[in-house]
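Protein chains: 2
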Amino acid sequence: MKALALKPKQAETLDLIDLEKPRISSDEILIKTLSTSIDRTDLDIYVGLYGKEPEGEDRLIIGHEAVGKVIEVGKNIIGFKAGDFVVPTVRRTCGDCDVCVADEPDMCRRDDYKERGIVKAHGFMSEYFKDAPENLVKIPKELVSVGSLIEPMSVAQKAVSSIYKIQKRFSWRPESALVLGAGSLGLLSAVILARYGLQTFAYDIVSENSVKAQIAKMSGATYIDGRDLKLDEFANNYGKPDLIIEATGNSSVAFDAMDIIATNGIMCLLSISAGSHEETICPDCLNNDLVLGNKVVFGSVSSNRSHFEKAVEVARESEKKSPGLLSRIMTDKLKFEDFRRAFEAKDNSHIKSVIYFE
Amino acid sequence: MKALALKPKQAETLDLIDLEKPRISSDEILIKTLSTSIDRTDLDIYVGLYGKEPEGEDRLIIGHEAVGKVIEVGKNIIGFKAGDFVVPTVRRTCGDCDVCVADEPDMCRRDDYKERGIVKAHGFMSEYFKDAPENLVKIPKELVSVGSLIEPMSVAQKAVSSIYKIQKRFSWRPESALVLGAGSLGLLSAVILARYGLQTFAYDIVSENSVKAQIAKMSGATYIDGRDLKLDEFANNYGKPDLIIEATGNSSVAFDAMDIIATNGIMCLLSISAGSHEETICPDCLNNDLVLGNKVVFGSVSSNRSHFEKAVEVARESEKKSPGLLSRIMTDKLKFEDFRRAFEAKDNSHIKSVIYFE
Numbered sequence: 001m002k003a004l005a006l007k008p009k010q011a012e013t014l015d016l017i018d019l020e021k022p023r024i025s026s027d028e029i030l031i032k033t034l035s036t037s038i039d040r041t042d043l044d045i046y047v048g049l050y051g052k053e054p055e056g057e058d059r060l061i062i063g064h065e066a067v068g069k070v071i072e073v074g075k076n077i078i079g080f081k082a083g084d085f086v087v088p089t090v091r092r093t094c095g096d097c098d099v100c101v102a103d104e105p106d107m108c109r110r111d112d113y114k115e116r117g118i119v120k121a122h123g124f125m126s127e128y129f130k131d132a133p134e135n136l137v138k139i140p141k142e143l144v145s146v147g148s149l150i151e152p153m154s155v156a157q158k159a160v161s162s163i164y165k166i167q168k169r170f171s172w173r174p175e176s177a178l179v180l181g182a183g184s185l186g187l188l189s190a191v192i193l194a195r196y197g198l199q200t201f202a203y204d205i206v207s208e209n210s211v212k213a214q215i216a217k218m219s220g221a222t223y224i225d226g227r228d229l230k231l232d233e234f235a236n237n238y239g240k241p242d243l244i245i246e247a248t249g250n251s252s253v254a255f256d257a258m259d260i261i262a263t264n265g266i267m268c269l270l271s272i273s274a275g276s277h278e279e280t281i282c283p284d285c286l287n288n289d290l291v292l293g294n295k296v297v298f299g300s301v302s303s304n305r306s307h308f309e310k311a312v313e314v315a316r317e318s319e320k321k322s323p324g325l326l327s328r329i330m331t332d333k334l335k336f337e338d339f340r341r342a343f344e345a346k347d348n349s350h351i352k353s354v355i356y357f358e
Numbered sequence: 001m002k003a004l005a006l007k008p009k010q011a012e013t014l015d016l017i018d019l020e021k022p023r024i025s026s027d028e029i030l031i032k033t034l035s036t037s038i039d040r041t042d043l044d045i046y047v048g049l050y051g052k053e054p055e056g057e058d059r060l061i062i063g064h065e066a067v068g069k070v071i072e073v074g075k076n077i078i079g080f081k082a083g084d085f086v087v088p089t090v091r092r093t094c095g096d097c098d099v100c101v102a103d104e105p106d107m108c109r110r111d112d113y114k115e116r117g118i119v120k121a122h123g124f125m126s127e128y129f130k131d132a133p134e135n136l137v138k139i140p141k142e143l144v145s146v147g148s149l150i151e152p153m154s155v156a157q158k159a160v161s162s163i164y165k166i167q168k169r170f171s172w173r174p175e176s177a178l179v180l181g182a183g184s185l186g187l188l189s190a191v192i193l194a195r196y197g198l199q200t201f202a203y204d205i206v207s208e209n210s211v212k213a214q215i216a217k218m219s220g221a222t223y224i225d226g227r228d229l230k231l232d233e234f235a236n237n238y239g240k241p242d243l244i245i246e247a248t249g250n251s252s253v254a255f256d257a258m259d260i261i262a263t264n265g266i267m268c269l270l271s272i273s274a275g276s277h278e279e280t281i282c283p284d285c286l287n288n289d290l291v292l293g294n295k296v297v298f299g300s301v302s303s304n305r306s307h308f309e310k311a312v313e314v315a316r317e318s319e320k321k322s323p324g325l326l327s328r329i330m331t332d333k334l335k336f337e338d339f340r341r342a343f344e345a346k347d348n349s350h351i352k353s354v355i356y357f358e
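Quick note, the sequences are listed as chains A and B, same order. Residues 1 to 358 in UniProt numbering are what the first sequence lists, from first letter to last. Residues 1 to 358 in UniProt numbering are what the second sequence lists, from first letter to last.
This is chain A alone, in the form it adopts within the complex (with noise of 0.2 angstroms):
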């Protein structure tokens, strides 16, 4: 089968390599890739700056997002059958410490947990790849098209979940939201926060007209271009969101947007942002801002089995609700041969690049 490989930590060496397709073992599934979906760990991988390929191996199989059909089950599974569709997790168990007893290997607490096309375990941009059931979680019919969007839609709904979970310290009665960056991460927060009847406004550099700013409106949200408004310009106009979900990848913007975080609010960290530059702030001023207004700031990063399945609820409700408005999110959609092309500089229009298997 074909699948599409790089050395780790070495920039530009993706390439189509041929290997043999996956056996099963009575305990496994074997899936034949539909669709797979790039984001921004994957170009990081991709130029070299991220990733391990697994023990004894040179090369990793890339690709983390993906959406996949059951072709055979080993003779011990139950619960899955040929022809279902299903949704791969990414982090996995590393089988030892507390949380990931727990079934949360998204708070993994050791360095040495692996994850599928990132990090000492192979991806899904293959034409076949197998897995255990409980790293896989099933689909209905209709989400097959945009379901290489599930692993991002599941790492937004971790933190919206851990936001209301967090806010429980005290009786919370959030009324406004701003999601910050409105590239998938931000757009898929957005979709999520719709569900939360809260006032909800996306925020990005590109204009009024964009792709982006037409489907933070379809997810019902204010689109705010950060050109025309700063963020303590949009706090005077809007006033100060309960909670921020920062997903812009530019570490300045977040350390902004601290700043205007509502009394007893929440903001979320969910985007890592590249580089180490240097910049002047007030300690003192942050410190006493949150603690006066007790505020919480935290980051959050992958996901578990338990956001995959409430993405699964989140996204057939958006297809209902707004039909079309996760496929936009897919703005380049590319044949397999084709890969390359998702690797490529995109300009500001740019959201998702989906590579398809079939």
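If you're looking for bench data, these hints aren't it; they were derived computationally from the structure. Every residue, glycine too, gets a C-beta built ideally from N, C-alpha and C. Among these hints, one or two may not hold up.
[Unchecked claim] Only some residues are given here: those of chain A computed to face chain B with a beta carbon under 8 angstroms:
1. Ile-24
2. Lys-165
3. Ile-166
4. Ser-171
5. Arg-173
6. Pro-174
7. Ala-254
8. Leu-292
[Unchecked claim] Below, simulated DSS-like cross-link-like pairs (lysine-lysine); rule was C-alpha separation at most 25 angstroms, straight line:
9. Lys-320/B <-> Lys-217/B
10. Lys-240/B <-> Lys-165/B
11. Lys-310/A <-> Lys-168/B
12. Lys-335/B <-> Lys-32/B
13. Lys-114/A <-> Lys-240/B
14. Lys-335/B <-> Lys-2/B
15. Lys-32/B <-> Lys-168/B
16. Lys-217/B <-> Lys-230/B
17. Lys-2/B <-> Lys-130/B
18. Lys-32/B <-> Lys-2/B
19. Lys-114/B <-> Lys-69/B
20. Lys-165/A <-> Lys-320/B
21. Lys-69/B <-> Lys-320/B
22. Lys-141/B <-> Lys-168/A
23. Lys-240/A <-> Lys-7/A
24. Lys-32/B <-> Lys-168/A
25. Lys-141/A <-> Lys-310/A
26. Lys-114/A <-> Lys-7/A
27. Lys-240/B <-> Lys-310/A
28. Lys-165/A <-> Lys-310/B
29. Lys-168/A <-> Lys-168/B
30. Lys-114/B <-> Lys-240/A
31. Lys-81/B <-> Lys-310/B
32. Lys-52/A <-> Lys-120/A
33. Lys-130/B <-> Lys-21/B
34. Lys-138/B <-> Lys-310/B
35. Lys-138/A <-> Lys-310/A
36. Lys-310/B <-> Lys-114/B
37. Lys-21/B <-> Lys-75/B
38. Lys-217/B <-> Lys-165/A
Following the hints, complete the assembly by docking chain B onto the known chain A.
Below, chain B alone, put in the same frame as chain A:
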């Protein structure tokens, strides 16, 4: 009756004044003040940095950490009688916002709450004060001598309770705690944490033989002299703590400590820091560390009745387990007429001044 009052926002105007003894309505309780203790907020008010007089008046009676004895109860009062020992809460409901209506005035969303002895309501540094029963928490006789510590302990209790509530976001099993600053809030935090079975470290910049270090050890914590062991070295030696409580009043320490929170860990900012100096940080480093480690930083201020009630419980346990520990926090015990000494500059061995009214 005698009282200590000042003109807020003016330096060193504190003076002894003579007032009429309060008269109670049928819904109020009259309390004879036994003792009040002094914290950083009182000192800030004393030097004119903070505080606001009640509407229509030109002076503020200070003091918000108090214990007293019920002298008289209004005819509609049930549950209190003359002779009861009580501690008053500080922040009072705005009566309007949703969190105050839910009995959490410590989270008041408006800027116009009242805090007795601090903002727009007289404090307890007078021979008598009156209050409504919902603002009074009964304490057992054996806690009277340390009763004025219940208020700061309630503030530390809110921090610890919030930490445990927030961490319900996943299956958390903390092992270690670090308290930064062995002032009264830090030491009371250590006393509270002792109940949770964690390996607790108290960190300050005084010697092993100091009263602060001795009290920290009495609480069950390991004392670390920060002059010998910087925070990064501490983390190398003892591991990154699962929870950190920042109570130094130094925001630079707060930012340094963000680097040593364990994976999935949490840090509570509990102290206001004076000044507005600038500092150079790497926002990407901090952002990525919080994101990839699923870490939380939050601020906590004030406390509500539930935290006072819990603090009474903790204080009882502490008195049984480590008799005399709480009393040692009150390093300067002063008669009412010597009140000025409570506001003089103190050396590093000082923790807290208490003023006795009889």
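Structure-based check of each hint:
no.	hint	in the structure
1	Ile-24	violated (31 angstroms)
2	Lys-165	holds (4 angstroms)
3	Ile-166	holds (5 angstroms)
4	Ser-171	holds (4 angstroms)
5	Arg-173	holds (5 angstroms)
6	Pro-174	violated (10 angstroms)
7	Ala-254	holds (5 angstroms)
8	Leu-292	holds (5 angstroms)
9	Lys-320/B <-> Lys-217/B	holds (16 angstroms)
10	Lys-240/B <-> Lys-165/B	holds (21 angstroms)
11	Lys-310/A <-> Lys-168/B	holds (19 angstroms)
12	Lys-335/B <-> Lys-32/B	holds (16 angstroms)
13	Lys-114/A <-> Lys-240/B	holds (22 angstroms)
14	Lys-335/B <-> Lys-2/B	holds (13 angstroms)
15	Lys-32/B <-> Lys-168/B	violated (42 angstroms)
16	Lys-217/B <-> Lys-230/B	holds (20 angstroms)
17	Lys-2/B <-> Lys-130/B	holds (14 angstroms)
18	Lys-32/B <-> Lys-2/B	holds (12 angstroms)
19	Lys-114/B <-> Lys-69/B	holds (23 angstroms)
20	Lys-165/A <-> Lys-320/B	violated (35 angstroms)
21	Lys-69/B <-> Lys-320/B	holds (23 angstroms)
22	Lys-141/B <-> Lys-168/A	violated (35 angstroms)
23	Lys-240/A <-> Lys-7/A	violated (46 angstroms)
24	Lys-32/B <-> Lys-168/A	violated (38 angstroms)
25	Lys-141/A <-> Lys-310/A	holds (17 angstroms)
26	Lys-114/A <-> Lys-7/A	holds (17 angstroms)
27	Lys-240/B <-> Lys-310/A	violated (33 angstroms)
28	Lys-165/A <-> Lys-310/B	holds (23 angstroms)
29	Lys-168/A <-> Lys-168/B	holds (9 angstroms)
30	Lys-114/B <-> Lys-240/A	holds (23 angstroms)
31	Lys-81/B <-> Lys-310/B	holds (22 angstroms)
32	Lys-52/A <-> Lys-120/A	holds (5 angstroms)
33	Lys-130/B <-> Lys-21/B	holds (9 angstroms)
34	Lys-138/B <-> Lys-310/B	holds (12 angstroms)
35	Lys-138/A <-> Lys-310/A	holds (12 angstroms)
36	Lys-310/B <-> Lys-114/B	holds (23 angstroms)
37	Lys-21/B <-> Lys-75/B	holds (19 angstroms)
38	Lys-217/B <-> Lys-165/A	violated (35 angstroms)
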